[in-house]
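Participant: Please build the complex by placing chain H on the supplied structure of chain G, with the hints as guidance.
Protein chains in written order, with our numbering: chain G, 1 to 242; chain H, 1 to 242.
Where hints are given, some of them may not hold.
[Said to hold, decoys possible] Cβ pair distances, simulated, as ranges:
(1) G197(G) x D48(H): 34 to 44 Å
(2) R80(H) x G11(G): 27 to 37 Å
(3) S76(H) x E58(G): 18 to 28 Å
(4) N14(H) x E9(G): 20 to 30 Å
[Unchecked claim] Dumping the calculated EDC-like pairs for lysine to aspartate or glutamate here, alpha-carbon to alpha-carbon at most 20 Å:
(5) K166(G) x E101(H)
(6) K166(G) x E152(H)
(7) K166(H) x D100(G)
(8) K166(H) x E152(G)
(9) K166(G) x D100(H)
(10) K166(H) x E9(G)
[Claimed, not checked] Coverage of chain H stretches by chain G, computed from C-beta distances (three or more under 8 Å per stretch; other residues unrestricted):
(11) 92-98
(12) 145-153
(13) 218-228
These are computed hints drawn from the structure, not numbers from a lab.
Ideal Cβ positions, reconstructed from N, Cα and C, are used throughout, including at glycine.
Listed below, chain by chain, are the residues.
There are 2 protein chains.
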Amino acid sequence: MSMADEKFEPGSMNGHRAVVLVSGGLDSATVLAMAKQAGFDVFALSFDYGQRHRFELEAAEKVCRSMGASRHVTLSLDLRAFGGSALTADIDVPKDRADDEMEAGIPITYVPARNTVFLSLALGWAESLDASDIFIGVNAVDYSGYPDCRTEFIQAFEQTANLATKSGVEGSAHWNIHTPLIELTKAEIIREGVALGVDFSLTHSCYDPDKTGRACGHCDSCILRRRGFESAGVPDPTPYVD
Amino acid sequence: MSMADEKFEPGSMNGHRAVVLVSGGLDSATVLAMAKQAGFDVFALSFDYGQRHRFELEAAEKVCRSMGASRHVTLSLDLRAFGGSALTADIDVPKDRADDEMEAGIPITYVPARNTVFLSLALGWAESLDASDIFIGVNAVDYSGYPDCRTEFIQAFEQTANLATKSGVEGSAHWNIHTPLIELTKAEIIREGVALGVDFSLTHSCYDPDKTGRACGHCDSCILRRRGFESAGVPDPTPYVD
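Only chain G is shown next, with the shape it has when bound in the complex (with noise of 0.2 Å):
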């Protein structure tokens, strides 16, 4: 784990820029929670590239604004020109799928390169804002078959910034890429949510919504998220269809 990873004491980064990744799920709910209790001026960043679930833009803006982000920029970037995901082209959303398919190998909805792109974007935005820190909150229980989630990647990039970077030349800083969710179970992300005030029912995690963005309750995010409810013992908020 990097050494970005360590605690926060409450406050001790007043005064601090830091660009937060906040898909409007519950996990980078938590994420911009744990920036401002660190104390962060948090710049929240939310992409919307072409994804079937468009209600997380939604609730991405409500989670924001509720939590106290200093701006919230939602950028575009459609994906969908390049294909390859059932999150972004027009394949089926698996549903039911049972804990073996779940974790056997890299499913459909993994878009190539994501959390890449999105970290670069988030490097760009924090640089022109002199800030140093960035969040995000991949995560390498749920979503072990997910490549850039894993703490390896995530150095590799931390590596890449320092050295992409005006102020990695000038030497006068060092990029820290926070991934404080990377090693916790659902429940414990949910506990955490908790404790620091997250109202989860403005969070959406569905892959595969209805017309009204009430979750599906099938695929494999809405399992992930009910049996994090479950498990943490916290009532879960959200409107399933089923």
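Facilitator: Using the frame of chain G, we list chain H on its own:
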């Protein structure tokens, strides 16, 4: 220099796909010609990132068509949301700078993390194409002030790519980020392009063209281009305002 920069025998990569970053300038047109000569099936990628010099994008389209790219995608990416560069924000492009000014530190035309962002998106597309080769026309001679034009940066990105992707995890591929121009002077690049039949009249370099697309003749990019043709002993086909 990366191992990926070995010279290719003409046609030796027949049947392989590569993503080539094409800006519309003379460097990337030459890179595209080099990839084609090696035999790659070229998937060209350009960005509409809110740059002031949008004539580049028309130039990119013409270059790709004239040189036989299999596909050309121009991705919209509004980096103006982040601010921080004379190429995207409303700051005057510097003119008629002396050599020592051009060489001193990082120019204000630097776009934060631009090559990291562009390479990440190329990586996403390449992965969905089952390609493992990416070409970028970075140059450490004329752009020594840009951190993301250096070999160390490219090598770090390559390492990140190997950890970021499905093919990296499954161990089936090793990413090659090719930077065939990295140690060439502008005159050498022009001579190489001429040898490969590049029509430089289709390319555009100026940071601050007039309304009809004519080059200003005085920004850093025009100065380097003019001198390059002069020093290569090749007639400069560029229409300059002055």
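Participant: For every hint, state whether the structure bears it out.
Facilitator: We went through each hint and held it up to the structure:
1. G197(G) x D48(H): 34 to 44 Å: At 41 Å between Cβs, range holds.
2. R80(H) x G11(G): 27 to 37 Å: 34 Å, holds
3. S76(H) x E58(G): 18 to 28 Å: Check passed, 22 Å falls within 18 to 28 Å.
4. N14(H) x E9(G): 20 to 30 Å: 60 Å, violated
5. K166(G) x E101(H): OK: K166(G) and E101(H) at ~17 Å, within 20 Å.
6. K166(G) x E152(H): Status holds; Cα separation ~14 Å.
7. K166(H) x D100(G): Cα-Cα ~19 Å, so holds.
8. K166(H) x E152(G): Roughly 14 Å separates the two Cα atoms, so the pair holds.
9. K166(G) x D100(H): 19 Å, holds
10. K166(H) x E9(G): The given pair, whose Cα atoms are some 37 Å apart, is violated under the 20 Å limit.
11. 92-98: With 0 residues close enough to chain G, the hint is violated.
12. 145-153: The restraint on the stretch 145-153 of chain H holds, since 5 of its residues have a Cβ under 8 Å from chain G and three suffice.
13. 218-228: The restraint on the stretch 218-228 of chain H is violated, since only 0 of its residues have a Cβ under 8 Å from chain G and three are required.
The structure shown violates the earlier hints numbered 4, 10, 11 and 13.
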